[in-house]
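If you read the protein sequences in the order shown, they are chains A and B. Residues in the first sequence are numbered consecutively from 3, following the working numbering. Residues in the second sequence are numbered consecutively from 10, following the working numbering.
If you're looking for bench data, these hints aren't it; they were derived computationally from the structure. Please note: incorrect hints may appear among the correct ones.
[Said to hold, decoys possible] Computed list of chain A residues with no C-beta within reach of chain B, every gap over 12 Å:
(1) Glu72
(2) Ile159
(3) Ala457
[Said to hold, decoys possible] Covered stretches of chain A, going by a simulated chain B footprint (3 or more residues, C-beta under 8 Å):
(4) 169-181
(5) 230-236
[Said to hold, decoys possible] Computed list of chain A residues with no C-beta within reach of chain B, every gap over 10 Å:
(6) Val18
(7) Ile22
(8) Leu121
(9) Val158
(10) Leu166
(11) Tyr227
(12) Lys361
(13) Ala401
(14) Glu481
From a predicted model like this one, the values you see are computed outputs, not experimental measurements. Backbone N, C-alpha and C fix where the C-beta goes; we use that ideal spot for every residue, glycine too.
Each chain is listed here by its residues.
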Amino acid sequence: MYQAIVDFHSANPHLVKVLIAGTLVSLVCGVIGCFIVLRRMAFLGDALSHAMLAGVVVGYLVMKLVTGQEAHALAMLLGSIVAALITVVMIGFISRVSRIKEDSAIGIMYTGVFAVGGLLASLFADKIHIDLVHFVTGNVLVVRDSDLWMMAWVAVIVISVVLLFFRHLQLVSFDPVMAASLGIPVLLFDYVLTTCTALVVVSGVTIVGVILVVGLLVIPASTAYLLCDRLSRMLVVSALLGVSSFLLGYWFSEAINVAPGSAVVLAGCVQFLIVLVIAPRYGLIADWLRRRQAVPQQVVEDILGSLLRANEPNVHVGSVAKYVVGGHSRIRRALATLDRQGLLRLSGDTISLTPAGEKEGQRLMRAHRLWETYLEHVGTPADELHDRAHQLEHVHDEATLDYLDDKLGHPLRDPHGAEIPQDVVHVVPGAVISAAQLRQGTHATVEEAGPAAAARGLAPGMHIIAGPRVADDTLWTFELPSGQRVELDHHTTDEITVRLADKPDDNPADQPRSASS
Amino acid sequence: MITRNANGATSTAGSGNGAREIAIAVEHLTVSYGPTPALLDVNLQIPAGLLVGVIGPNGSGKSTLIKAILGFVRADFGEVKLFGEPAEKAKGRVAYVPQRGSVDWDFPITVQEVALMGRYGQRRWWQDRTHADYAAADAALEMVRMSEFRHRQIGQLSGGQQQRVFMARAMAQGADILLLDEPFAGVDAATERAILDVLERTRAAGKTLVVVHHDLATAAEYFDRIVLLKQRLFAFGPPERVLKPELLAEVYEGKLRAFMDLAE
Numbered sequence: 003m004y005q006a007i008v009d010f011h012s013a014n015p016h017l018v019k020v021l022i023a024g025t026l027v028s029l030v031c032g033v034i035g036c037f038i039v040l041r042r043m044a045f046l047g048d049a050l051s052h053a054m055l056a057g058v059v060v061g062y063l064v065m066k067l068v069t070g071q072e073a074h075a076l077a078m079l080l081g082s083i084v085a086a087l088i089t090v091v092m093i094g095f096i097s098r099v100s101r102i103k104e105d106s107a108i109g110i111m112y113t114g115v116f117a118v119g120g121l122l123a124s125l126f127a128d129k130i131h132i133d134l135v136h137f138v139t140g141n142v143l144v145v146r147d148s149d150l151w152m153m154a155w156v157a158v159i160v161i162s163v164v165l166l167f168f169r170h171l172q173l174v175s176f177d178p179v180m181a182a183s184l185g186i187p188v189l190l191f192d193y194v195l196t197t198c199t200a201l202v203v204v205s206g207v208t209i210v211g212v213i214l215v216v217g218l219l220v221i222p223a224s225t226a227y228l229l230c231d232r233l234s235r236m237l238v239v240s241a242l243l244g245v246s247s248f249l250l251g252y253w254f255s256e257a258i259n260v261a262p263g264s265a266v267v268l269a270g271c272v273q274f275l276i277v278l279v280i281a282p283r284y285g286l287i288a289d290w291l292r293r294r295q296a297v298p299q300q301v302v303e304d305i306l307g308s309l310l311r312a313n314e315p316n317v318h319v320g321s322v323a324k325y326v327v328g329g330h331s332r333i334r335r336a337l338a339t340l341d342r343q344g345l346l347r348l349s350g351d352t353i354s355l356t357p358a359g360e361k362e363g364q365r366l367m368r369a370h371r372l373w374e375t376y377l378e379h380v381g382t383p384a385d386e387l388h389d390r391a392h393q394l395e396h397v398h399d400e401a402t403l404d405y406l407d408d409k410l411g412h413p414l415r416d417p418h419g420a421e422i423p424q425d426v427v428h429v430v431p432g433a434v435i436s437a438a439q440l441r442q443g444t445h446a447t448v449e450e451a452g453p454a455a456a457a458r459g460l461a462p463g464m465h466i467i468a469g470p471r472v473a474d475d476t477l478w479t480f481e482l483p484s485g486q487r488v489e490l491d492h493h494t495t496d497e498i499t500v501r502l503a504d505k506p507d508d509n510p511a512d513q514p515r516s517a518s519s
Numbered sequence: 010m011i012t013r014n015a016n017g018a019t020s021t022a023g024s025g026n027g028a029r030e031i032a033i034a035v036e037h038l039t040v041s042y043g044p045t046p047a048l049l050d051v052n053l054q055i056p057a058g059l060l061v062g063v064i065g066p067n068g069s070g071k072s073t074l075i076k077a078i079l080g081f082v083r084a085d086f087g088e089v090k091l092f093g094e095p096a097e098k099a100k101g102r103v104a105y106v107p108q109r110g111s112v113d114w115d116f117p118i119t120v121q122e123v124a125l126m127g128r129y130g131q132r133r134w135w136q137d138r139t140h141a142d143y144a145a146a147d148a149a150l151e152m153v154r155m156s157e158f159r160h161r162q163i164g165q166l167s168g169g170q171q172q173r174v175f176m177a178r179a180m181a182q183g184a185d186i187l188l189l190d191e192p193f194a195g196v197d198a199a200t201e202r203a204i205l206d207v208l209e210r211t212r213a214a215g216k217t218l219v220v221v222h223h224d225l226a227t228a229a230e231y232f233d234r235i236v237l238l239k240q241r242l243f244a245f246g247p248p249e250r251v252l253k254p255e256l257l258a259e260v261y262e263g264k265l266r267a268f269m270d271l272a273e
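Make the full structure from the sequences, and use the hints.
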């Protein structure tokens, strides 16, 4: 194996260098890119890469003037990092002290610092030999040994930082307030990440140039983001995707003889688009399937409503289809879902409601009829009642129904004369409810009685039986243990709380079940 | 004018506490983000073992107070002491449950990993997490009944479940003081009940809880003490002494009518 590598190296010394450089750079770009993506700093990577030019030129000039060395790699690296940090500090400063927002501040500073670099480079064109075109577009093919060393050091530093301080970086990125409360220096870690980004950008520029380096940072990380639910895995996947996009892009550029930088970033993009479509949880296909599987609430309600109205134990699928909007397959899917949820039993072509399904159906029918009563109450024309209530019945959380019920004086019948089903959520054995919710024939024990009710002879602990409503359903009647009957208005009845008997057998009131629509 | 000055406000709280230890002492705290202070000369002594609600209109500095106690925002003046020590020395003794809206729910992190974050303060940076950390995280998740979701990504949970995950993190941290920013915002009634239940159990374990709360109608029922805040401390004490119409009218100004209707 080793011998094979050595042989390969001696046969293609340059190719090995290119592969090592590209792998190192795309790997660290993938790792740091995760933090860039999660912290929404993509534009920052762009800013840093542009600021680099000034740093490179200054680093070059200083070493040339001080020691006479040409293109001193370490000096240019340090220059780049310093320029990058100055840019970051200036961006923060401008957006803090002025009304300029951060995105504009980034635009101002990175073009400004880039321009300084361009100016210096042309001013000292006779002293420095930087290929500006190379700088802008990058070229992995001319990678030098000094570049390779720089990339290796960047990789070692960045990966060590991420491994050693993984928890800190995770916490600072996810919840800086908690990080601060644990005594983690949040600002310091912000700068650590920025410095790592600057280092990675510097090594990335060599390969793909200033313009495309952001792609190397952001694309593999975003691809991994679509695939992973843990940061630790995202880092690994992103690094692997970075390397694979480099290898694919490089192979492609060799095959058709184009600029490797563009090919590498394009390969990353293709990887991203494929994952965007096929990612198991966050992909487009998964999303489409989920939406296809999801049964619209309206279909659920229509099915339960039609089953309840049919009022027989076994209903044929065909008779449900008449009342439900949607194609046959859609109804089938909805029925299967409801079967899974335990609301009905589907065997072949016959459907039967389970007790849970019946309860949910009662609730929905109650919602519809309460809404109809409400609409009539607020003066909606009679011919619009049903349709409007059909729209509104989909608003049926418990608080809404309680509000309507109470506001309308706990009506027993809707405007069409059909019985409004009793509240099956609150009115259950053993529950404590308002006496106004009691229907005729229900037994209950008084828990508390307001002063007006007490004056009429009701007292805590007393066993009462609800009688019929009288005076147009506006007065409640109760039979007291003494056999006496009292008539109470809505307000007085609302002030009485009662406890229902624990066992349903003690409560002879049958649950109203109406077959009419 | 009612308990306007700091001494007046704190003395209301002092009565009836006996000799409870002071968990959080806020002294002359002023915090600003610009020319208008977010908090101005706030003085507050919160005894240990109580469930304390912080109420006040929008933008009254409720979250800022929490963040100042956590040491996340720098005070222009004044200081925060936790159990008699400067806040910097008590790092890790305070746990924080963020507002739902301020969390990135798409962050690639699972329920269990969030709970494990509670243990970060227990380990030096070079130490790996141990079985004890996992055990503490799992116990905390068990307490808020979230164990079965431990491998879910946090975005794949309902609102109430998300809230409970962060409660678990605070539990795992083993902190003596819990600061919660609007835990009841945007959850349904059943979830609100469940969260309150966890808060009450935490208090029973001897912890001090400070909860930013927006619903005046339930404040009296939920909390032992109430902090009424609008930049300055307007009152601190038992609900019946703080939730007085004249005091609320001063703090809430025009927005009070809605509350009065609610209270009816």
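Index of numbered hints that the structure contradicts, given in increasing order: 10, 11, 13
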